[in-house]
Amino acid sequence: MPIALLALAIGAFGIGTTEFVIMGLLPEVAGDFDVSIPTAGFLVTGYALGVMVGAPLMTALGTKISRKRMLMLLMGLFVVGNLLSAVAPSFGVMAMGRIVASFAHGAFFGIGSVVAADLVAPEKKAGAISMMFTGLTIANVVGVPLGTSIGQSLGWRTTFFLVAALGVIGLAGIAKLVPEIPKPEGVHLIHELAAFRNAQVLLAMAMTVLGFGGVFAAITYISPMMTEVAGFADSSVTWLLVLFGLGMVGGNLVGGRFADRAMMRMLYVSLGALAVVLAAFTFTAHNKIAAAISIALVGALGFATVAPLQKRVLDHAAGAPTLASAVNIGAFNLGNALSAWLGGLVISAGLGYTAPNWVGAILAGSALALAVLSAALERRDARHIHDGATAEPVRVSTARH
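Sequential numbering of the sequence shown, starting at 676, is according to our numbering.
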């Protein structure tokens, strides 16, 4: 594997760290700016909405310049956004910094996947893409817990300075190691947009929003839930996030392995189990051991849906894989934003820090219902095609010889 993939993995590590580390630092940020925990949760919502808007916008812009330069631009945005967050004098400026950083997220993974595949022989493309995404996975096992620990001991601003430094390293690595790849020829945005007329593409993205939203309904408020309800010390949030990250790694591997051989069955099992675990988390959050197990399961079941949903979008978005892939990453973050907002609402309504788990269970259950609907429509369409083929009249030639 070329060393250029290391630069992409470092960028993915930084992006993954800045997205998730804020969850473990919500109490510190809220206290510093004198806002409530639900208000601080808008830092999660704002980032997610920024990814949703930025993914297609920046990907479209990426068709006009070389992919290497686009990746460098995205990492530059990432650095500026995190520096702005680190020096923010007010909560509003902090939120603005998060949004600036979020614009790098979706397009980086969309364009980075194409670059990673172009760097290797055809038979190694999947391995190259997975190596880049390894940075995102490791971020949730190492970067997020370490960033949370540093933020709690040295101040949350230190964490964002360090994440910005990671972005600088990633930017330098891309500039030095990634070869200049010409911009794609003959790319017409209007043709790619036509893929979104496909009902299956839209259903898959809706499943992404609701399914992953279920995960973030619980995880966004994991710090106050574990300290105020389960009785963990503030310092324990770090290793609880490690458990969540390990669950993500395991779930992502299992989901990727079975996405090709039994995609819909994998979605049924993962989304159904996720809904059950989230509903149970409302009660298991009161016991330290049960809460820790629940956190790992939420991470595993939530990320088991990532590969199948991403593949389903690509399968049904013929002719527009890059844009569809980026938009689906935006859909993941729309789910994050929706669930963080709903979780804040139920907490503000006085229902307690465990109430977001019920919100997550409802979202995951809704995603399961859409999966069943999607499969039923697919079977119906297949029957119509089959019936149409068998009903084709047989033409008998009457020509004389």
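What the hints contain is simulated information worked out from the structure, not anything from laboratory work.
This structure is a prediction, so every number in the text was calculated from the model and none was measured.
Glycine included, every Cβ here is placed at the ideal spot set by N, Cα and C.
Be a bit skeptical, because a hint or two may be false.
Subject to a maximum C-alpha distance of 16 Å in a straight line, what follows is the list of computed EDC-like cross-link-like pairs (lysine to aspartate or glutamate) [claimed, not checked]:
| hint | residue 1 | residue 2 |
| --- | --- | --- |
| 1 | K743 | D909 |
| 2 | K986 | D909 |
| 3 | K743 | D709 |
| 4 | K739 | D909 |
| 5 | K963 | E1053 |
DEER-style ranges, computed between Cβ atoms [claimed, not checked]:
| hint | residue 1 | residue 2 | range |
| --- | --- | --- | --- |
| 6 | G906 | V951 | 39 to 47 Å |
| 7 | D793 | A1057 | 49 to 57 Å |
| 8 | P677 | G906 | 46 to 54 Å |
| 9 | F958 | S910 | 39 to 47 Å |
| 10 | V904 | G947 | 42 to 50 Å |
| 11 | A796 | E1053 | 44 to 52 Å |
| 12 | I964 | G1025 | 25 to 33 Å |
| 13 | A965 | L852 | 39 to 47 Å |
| 14 | A796 | S1023 | 29 to 37 Å |
Here is how each hint holds up against the structure:
1. The suggested pairing of K743 with D909 is violated, with an alpha-carbon distance near 41 Å, which exceeds 16 Å.
2. The suggested pairing of K986 with D909 is violated, with an alpha-carbon distance near 38 Å, which exceeds 16 Å.
3. Pair hint K743 plus D709 does not hold up; C-alpha atoms about 41 Å apart against a cutoff of 16 Å.
4. Under the criterion of a C-alpha separation no larger than 16 Å, the hint pairing K739 with D909 is inconsistent with the structure, at around 47 Å.
5. With a CA separation close to 43 Å, the supplied pair K963 and E1053 exceeds the 16 Å bound.
6. As the Cβ distance of G906 to V951 is approximately 24 Å, the hint placing it in 39 to 47 Å is violated.
7. The beta-carbon spacing between D793 and A1057, approximately 35 Å, falls outside the hinted interval of 49 to 57 Å.
8. At about 49 Å, the CB distance of P677 to G906 agrees with the hint of 46 to 54 Å.
9. The supplied range of 39 to 47 Å is broken by F958 and S910, whose beta-carbon atoms lie about 25 Å from each other.
10. The hinted range of 42 to 50 Å is not satisfied by V904 and G947, whose Cβ atoms lie roughly 25 Å apart.
11. Our hint of 44 to 52 Å for A796 and E1053 is violated, since their Cβ atoms are close to 34 Å apart.
12. At roughly 28 Å, the beta carbons of I964 and G1025 sit within the given window of 25 to 33 Å.
13. For A965 paired with L852, a C-beta distance near 46 Å keeps the hint of 39 to 47 Å intact.
14. In this structure, A796 and S1023 break the distance hint of 29 to 37 Å, their C-beta atoms being roughly 54 Å apart.
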